[in-house]
Amino acid sequence: MKTLGILKEPNQEKRVCLLPSEVKRLTNELEVEVKFESGLGEKIGISDEAYVEAGAISDDQTEILLSSDIICTIHHNYHGQKIKEGLCFVGIFNLLYYPNRLEKYTQNKADIFSLDLLPRSTTAQSMDVLSSMGSLSGYKAVIKAAELFGGSMPMFTTAAGTLRPAKVLVIGAGVAGLQAIATAKRLGAVVEAFDVRSSAGEDIRSLGAKFIEVPGYKESENAGGYAVVQSPEYLKKQKELINHHISLASIVIGTANIPGKKAPLLIEKSAVDNMKSGSVIIDLAAEQGGNCELTVNGELIDYNGIKIYGNSHLSRELPESASQLLSNNYFSFLSHLLKNDLENSPLLKGCKVLEKGNIVHPSFESKLETT
Amino acid sequence: MKTLGILKEPNQEKRVCLLPSEVKRLTNELEVEVKFESGLGEKIGISDEAYVEAGAISDDQTEILLSSDIICTIHHNYHGQKIKEGLCFVGIFNLLYYPNRLEKYTQNKADIFSLDLLPRSTTAQSMDVLSSMGSLSGYKAVIKAAELFGGSMPMFTTAAGTLRPAKVLVIGAGVAGLQAIATAKRLGAVVEAFDVRSSAGEDIRSLGAKFIEVPGYKESENAGGYAVVQSPEYLKKQKELINHHISLASIVIGTANIPGKKAPLLIEKSAVDNMKSGSVIIDLAAEQGGNCELTVNGELIDYNGIKIYGNSHLSRELPESASQLLSNNYFSFLSHLLKNDLENSPLLKGCKVLEKGNIVHPSFESKLETT
Amino acid sequence: MTSLIGLGYLISTFSFLIGLKFMSSPKNAAKGNTIAAIGMILAVLVTIFTAFYENVPTINLIITGTAILAGTLLGKNISDKVEMTKMPQLISFFNATGGGCALILGLVEGSSLDISTGIVLKIVLVIGLLTGAIAFTGSILAYGKLAGKIKDIRTKSLVYTGRSILGLILLLPILYFLDFLPIEFSTLLYLMGGISLIYGILFVLPIGGADMPVVISLLNSITGVATAFAGFVYVNKVMIAGGIFVGAAGLLLTVLMCKAMNRSLLKVLAGTFKKGKNSVSESEQIIKTISTSETAMQLSYAKRVAIIPGYGLAVAQAQHICSQLQQLLERRDTEVHYIIHPVAGRMPGHMNVLLAEANIDYAVLKEMDEVNDHMDLYDMVLVIGANDVVNPAAENDEDSPVYGMPIIKAYKSQQVVVMKRGMSKGYAGVKNDLFDLNNCSLLFGDAKDSLQQIINQLKLV
Amino acid sequence: MTSLIGLGYLISTFSFLIGLKFMSSPKNAAKGNTIAAIGMILAVLVTIFTAFYENVPTINLIITGTAILAGTLLGKNISDKVEMTKMPQLISFFNATGGGCALILGLVEGSSLDISTGIVLKIVLVIGLLTGAIAFTGSILAYGKLAGKIKDIRTKSLVYTGRSILGLILLLPILYFLDFLPIEFSTLLYLMGGISLIYGILFVLPIGGADMPVVISLLNSITGVATAFAGFVYVNKVMIAGGIFVGAAGLLLTVLMCKAMNRSLLKVLAGTFKKGKNSVSESEQIIKTISTSETAMQLSYAKRVAIIPGYGLAVAQAQHICSQLQQLLERRDTEVHYIIHPVAGRMPGHMNVLLAEANIDYAVLKEMDEVNDHMDLYDMVLVIGANDVVNPAAENDEDSPVYGMPIIKAYKSQQVVVMKRGMSKGYAGVKNDLFDLNNCSLLFGDAKDSLQQIINQLKLV
Amino acid sequence: MEFISTNLENIYFLIFSIFIGIEVISNVPAILHTPLMSGANAISGVIMVGAIILMFNIEPTDYLNLTLGGIAVFLGALNISGGFFTTGRMLKMFKTKTSK
Amino acid sequence: MEFISTNLENIYFLIFSIFIGIEVISNVPAILHTPLMSGANAISGVIMVGAIILMFNIEPTDYLNLTLGGIAVFLGALNISGGFFTTGRMLKMFKTKTSK
Ligand SMILES: NC(=O)c1ccc[n+]([C@@H]2O[C@H](COP(=O)([O-])OP(=O)(O)OC[C@H]3O[C@@H](n4cnc5c(N)ncnc54)[C@H](OP(=O)(O)O)[C@@H]3O)[C@@H](O)[C@H]2O)c1
Ligand SMILES: NC(=O)c1ccc[n+]([C@@H]2O[C@H](COP(=O)([O-])OP(=O)(O)OC[C@H]3O[C@@H](n4cnc5c(N)ncnc54)[C@H](OP(=O)(O)O)[C@@H]3O)[C@@H](O)[C@H]2O)c1
Ligand SMILES: NC(=O)c1ccc[n+]([C@@H]2O[C@H](COP(=O)([O-])OP(=O)(O)OC[C@H]3O[C@@H](n4cnc5c(N)ncnc54)[C@H](O)[C@@H]3O)[C@@H](O)[C@H]2O)c1
Ligand SMILES: NC(=O)c1ccc[n+]([C@@H]2O[C@H](COP(=O)([O-])OP(=O)(O)OC[C@H]3O[C@@H](n4cnc5c(N)ncnc54)[C@H](O)[C@@H]3O)[C@@H](O)[C@H]2O)c1
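Chains as they are written, first to last, in the working numbering: chain B, 1 to 371; chain U, 372 to 742; chain H, 743 to 1203; chain D, 1204 to 1664; chain P, 1665 to 1764; chain A, 1765 to 1864.
No false leads were mixed into what you were given.
Ranges between beta-carbon positions, derived for each pair:
#1 H:L900 to D:L1210: 42 to 48 Å
#2 U:K608 to H:K1045: 55 to 61 Å
#3 P:I1675 to H:N1180: 47 to 53 Å
Just a sample of chain B residues kept apart from chain U, beta carbon distances all over 12 Å, derived:
#4 K8
#5 Q81
#6 Q238
#7 H244
#8 G350
Keeping only pairs whose Cα atoms sit at most 20 Å apart, straight-line, the calculated PhoX-like set for lysine-lysine is:
#9 H:K818 to H:K773
#10 H:K818 to P:K1756
#11 H:K1151 to H:K1045
#12 D:K1470 to D:K1491
#13 B:K276 to U:K414
#14 U:K538 to U:K610
#15 H:K828 to P:K1756
#16 B:K236 to B:K269
#17 A:K1856 to D:K1289
#18 B:K14 to U:K647
#19 D:K1284 to A:K1856
#20 D:K1628 to D:K1491
#21 D:K1569 to U:K538
#22 U:K678 to B:K43
#23 D:K1612 to D:K1628
#24 U:K385 to B:K307
#25 B:K167 to H:K1108
#26 U:K379 to U:K395
Source of the hints: derived by calculation from the structure; they are not laboratory data.
The beta carbon of each residue, even a glycine, is placed where N, CA and C say it ideally should be.
The task is simple: from the sequences and hints, build the whole structure.
Right, here's the structure in full:
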């Protein structure tokens, strides 16, 4: 019987990676012993008792690290403490962007599965944390924008004059972008969206928004749905068009990302200068450097009356919902992990970064050299 | 030629009662001299120059008070300074609820038109500040709730499980309540609403929400659309039903008011105790004592993980939109004021509180005695 | 010879049939008219053709030819000149001429009978004569009413007189044929003709002007019967068939028209006046109603249409179907605007919520002030569940509680159709003066249902 | 006497007419059938009635009576037993008996002619005979195909042979009547009968099983013609009229059926196979298509219906119209659920956005896991623009890229209709095994259009 | 009874004609009611055929009847020509707009 | 030509019948196609009337033709009875559901 440990997240994090309901399924269906750090769910009102009732054992961190075969967390939260040999960490560590986080794990010869690296294949969907969190982030980005915006999103025709609907520009129409589009549409805003992938056009239109098309994009077949870097001419054309649309918008939501790379810079300072005071920019790519030049990761800044909020983890602000989805994602992953061999599973292979402290993931060989 | 002065609002207030566009119409169409306190619109990015361009003259407060025939502000902001004789204040002073504010005005023999007292007649609609601000507050209440809520408003069916739509209960379906209903519906929430006026039922249903009906309400014909106080049996039945629905809701928005009276207490502590952690209560009746027993006016409190936010002036958080509507309201009122005699205008009569320091409004005679 | 004639009549009978068939489908209607007209020309030619082997005196030929020519030219002339909106009365007029023709035929033919004529032929003659006479005066009166030259007169006594005369018309021939009446057959004919002429008048007199189209259709059917009976007299297949076609089709059409107007034929004939469903006696407004099909018809001609939504749109939850109508119209190259009144509905922005839900493009939403000065450019304004916000009393009636409220000047457009369920008032509780205007019609019914029906009808055009 | 017989036949002719008329409107169809049946009984009774003043030998009467009785009982018996889904083949079978009757009539009547018989009657006899024969074998073959007893054979040579035989059928009588064929008339008749029997087979053989209903309708029309010609032989109005009615109506019905299936009659007869619009050769799936009217028909019988929306619903923006269909079904007491797959669409919650926009009550949304175990309780599942999420390959085909993804088990329901525009694949780019299944049919077309048509049809029922 | 057997053909003709008259327009959409009424009205002008036959059989000296007959023909012609031209004008509007 | 004038009545009858046959079902909704086909099929069973007439005219000793005629009548009866009963069964389903 394997032992699984769940560690408390850093202070600012309210989400948990496993809820009592899934802990119960782990102990019952997968016959895993589950230990958890006391106070795990208190930030969203889940008591230790609830976990204990679900079959888990409360313990302290050191003990858990020493006795578990698998450790689940959301964030990178390991600082080199002593661990059981062959311990396997499961989390969302964003290691391609923070390769130096690997150090402590390599030293202690741990295994790592980083769920952000899961292939985006059909069968991986139930464990796809990027999709589930992206989706919530996209929704929350619009709610945040509406909260920060000094005007109203929908149109109001009133006896005291008409308030025009807000113009919302969504940059990047991946999971988060689409959700942002849908939410802004719901609130009655006029929504435009832009994505390099021309196939995103149909998706955008299927949500009733306008697709801003930049002709001349080069698609890459084997990028598995992800975006690839583009030619300079294309980038210039794109910049002009985007700048124009930015200046018209009251709310800009940046969600463009290229996995493992710095996020594309699409909202330049000069473009922001053209925006009206009171406008809002929400940058979901902040952690990867931001889609906006002025973004400060994790902070809300005021630039000439324009509010710029950079946060790649807005799903944190929906801790209840996010925990529910994460918990399902982690459960699906764990059950896949326990039932399959590494060799036969492209999913496991795709997200396994360390094997006994050695790098086994192809994307990292080059990365590590640069560090 | 009359002179009109616009004073700066208190610090926490970003809205202005007149925007340059309407100032321009005042000077051009109504041939009024307009003076304004410097820095009037800076909080929403409107420079003094903009006002000057519109034909207004920048001046300091003392000077304005001494030279104007009419003073426009949003809030009660007069502390007994010297004024030109017969000066007429126009604002939203909520004097029925704060009758002691009258003192300074009486002493200085000023006139007062308080726009919150305008009759809710068809012709007054363009000056109806309660409607325009109520409407924005209702919208913002839902945005605020969505921002504070730890879950998502719409339903999400995802590969990582289904998030149920949030249940929103709106109490009081006046202007603000209806707007809250509409906004919550837009976001995909399941919305229920309650109002004592049974005629509100059709309005509620016309927005696609469910009307919670308490049988036995006594309508008053001459209350002009406003609610009146009800019998004890009725109140008991009502309380039970409401309590039940509160316990089911994740978000409760209180908008119930009885003009000039304390707001009805509809969300008792015991009902809040039954709510889930992470739920949100927004109380728009906070200034009048609140619909919720736990409300603290102007503050966000956390009660067992339930967030309770009391604020009767949420429209302030949409300063751009609110100023636009207010500016139109004030302009309409001023042009009515300048073009009509008091005797012939039920509108003016309805909101004139003081005439040369003497109380002329019928609702105040009783009020003042109690003070 | 006879076989050629027979063939000619056969073909023309058949072309009447095809003509009618085609005329009942929007796509082929124009073609149908042409086919029927060709059939008619053929029938006339064939008939004239018989002259050549029957030795008809020249004078008869000349008179016939002249009459045909004169009639044809005059008919063309009249039809070209009359305005489109006056069509129903024109039809009534032409129907009168047909009835007149049958009347004369009956008189002339009847007075020149010899004694040996069988009873069957006599009966046929009498029926042909009296139907012709009724159609003749009835149509003239209907024409007069529609042209506004004759007012509705609705008294009990009138109705009773009409009924007694109808009794007389039935009784006289029976008495005659049972040999109770010792008069000549031609006398009977004249008598019958006279009474029928009077009956035609009494028949139409009490019927309301709004119901005239139904009556005209009925009279048209009667002319058809007259034609058929004339056909029996001459044993002429094309007349019989043509007459019966028109008689049967006209009758059905009458019923269909009643249905489309939500009226019962009996009530129309009794001259009962139509009221809106919720119309309480208190409101003594004289209103014009319109059917969904007429609305669809007029929409199909309109180049620019404005939709003014109100609280009723929200109550009916008709926003989606309204957007469907808009799309349908736009596909027909009709420009559609929504005009939103600042206080339409029950909360600020109420209409915005609805229209956004139906995904209606913000570009087609117009504000009141934007369009109020050129409302006359709209060929048609659909007021969907709005009331107070289009009430001209706000502009004209100083005593009205809504006086001073800015309104959408729907009354300035070419044609207004107001959709509502009954005659109940809006929020402000005041009578709407718009409904009294000449260019305004009311379309009663739940807005969702009405819109659906309009769409269905419009798809056919 | 004759006048009574005439009257009887007249009434029965008229009841055929009314019967057919009623049968073409959903509300009256059952009544129409009864009326036509009564007319038929009347016609038979009147005919038998003639026996009493024509001195028919008893043996003939007995045989006739027995035959009628036996046929009637057997007919009732068969029709009661056969399953509802086998109706088309049953109709085909009964049509064969009608054809057979005409064939025998022609043979017997033709062989007993005397030499004086005019050419017209002979021609009539020949036509009656050959149409009867074609209808006879053609219907039997169609029956066999529908019953699955005979497979489609589609070779060029078959079509050519068919055409040559048709030539022969036309040529032989011409030669005979121009006196180029030195044979007896009865020989001609036997010859024609034989060839026509063969032609009937060749005519139906190449036509695809899916097109059989059209062919049966055509054969039905041919039987009608045979009946009419038999009627000419006996100068019998009711036979002529009944036959012509059926002949004409059957022909039109054939055309209408082709239209409803989006097929051209010529292509049906040539045996060309139908393909989906975007169907590229790569996909060699054998699929069943369905028309909007059939879908509507089946929906009208269903008690529980599930709608599975997918990305195509969003692309078509068909959410509003989908909710209309739901409302319509619910008003007919049909329970409707929406089953939402976790990854339907292109983003989490995509379907929720659409359905909320269309104001669909959360109570009717079901989650996959909630219903997957009793999908068989749904009489009908409408898959609207979904594809991957209902692909059984995810359960059965280990090599499929979607293997392992949980799906909605639509295939377990009684009947699945998938709405899509063509044969293109879903997001995952894999072939959908659902389409191969027996209980699955594809309804091609934009989802919005298809839904609108279904609604229109359903409203008629 | 006898009447029936001698006139059987005519009765068929009558019934069929009535039936056709009804059937042929039974599905007319309401927007065509007025044009159809007008067209039917024009067809009923076939009564002029009767008037012409009448004219052909009047004694050339019987001026009264000649006049009456002439009027009848004139009225018939007016009905026909006016009827068809009016219908044509109304239906022209259906063509100007291309549907869908 | 001559054929026409002698058979004019019949031609009218023919044309009218064809027209009626077509017209009467021209607006049938697709859901009624199958039942209507079945009903029409039953009506074409009126051929049995011919078969009965035939039977009545056969010599009672002409066994071959008696047999054939008997079969014809039998087939006709089968067509009629099967046709109407089948149609009836199909149409019964239309009644079970109350529309709207
Ligand atoms: N916008 C705001 O902020 C606000 C707030 C409070 C009050 N108001 C007042 O509300 C009024 C708004 O004007 P309005 O024109 O929108 O509405 P309205 O004047 O109240 O009229 C609504 C009309 O809709 C009809 N109707 C109701 N249900 C219907 C249905 N299902 N189908 C078809 N028609 C239906 C009603 O007539 P039937 O019953 O005969 O069908 C009525 O005539 C103004 O007087 C305004 O002052 C506005
Ligand atoms: N939900 C998510 O978060 C998410 C995100 C990314 C990817 N995905 C993937 O997307 C897929 C979703 O499955 P699905 O079943 O919803 O969609 P799907 O498998 O992509 O199929 C969509 C179907 O809709 C049809 N269609 C498109 N436009 C149409 C129109 N206008 N009218 C009618 N049909 C139309 C298409 O066929 P025709 O072209 O022949 O009409 C196609 O078969 C899954 O493979 C899932 O893994 C989901
Ligand atoms: N197979 C599945 O079932 C499945 C599940 C989830 C996601 N996906 C797919 O994976 C893909 C990526 O999803 P994601 O949201 O996680 O991606 P992401 O967060 O990496 O990127 C977000 C979006 O930014 C866009 N982008 C990148 N560079 C850009 C630029 N310069 N300008 C504008 N836009 C730019 C990308 O195209 C992408 O749409 C999507 O296509 C999504 O549909 C597939
Ligand atoms: N004539 C006009 O054009 C016009 C314009 C604006 C508003 N109005 C009307 O004025 C009325 C008041 O509008 P408001 O929003 O300013 O009112 P408000 O802010 O005073 O009250 C808000 C709502 O609370 C409700 N309420 C009071 N006591 C309650 C209780 N115990 N329980 C539940 N609900 C309770 C009231 O019925 C009202 O609907 C409304 O009817 C509105 O339609 C009319």
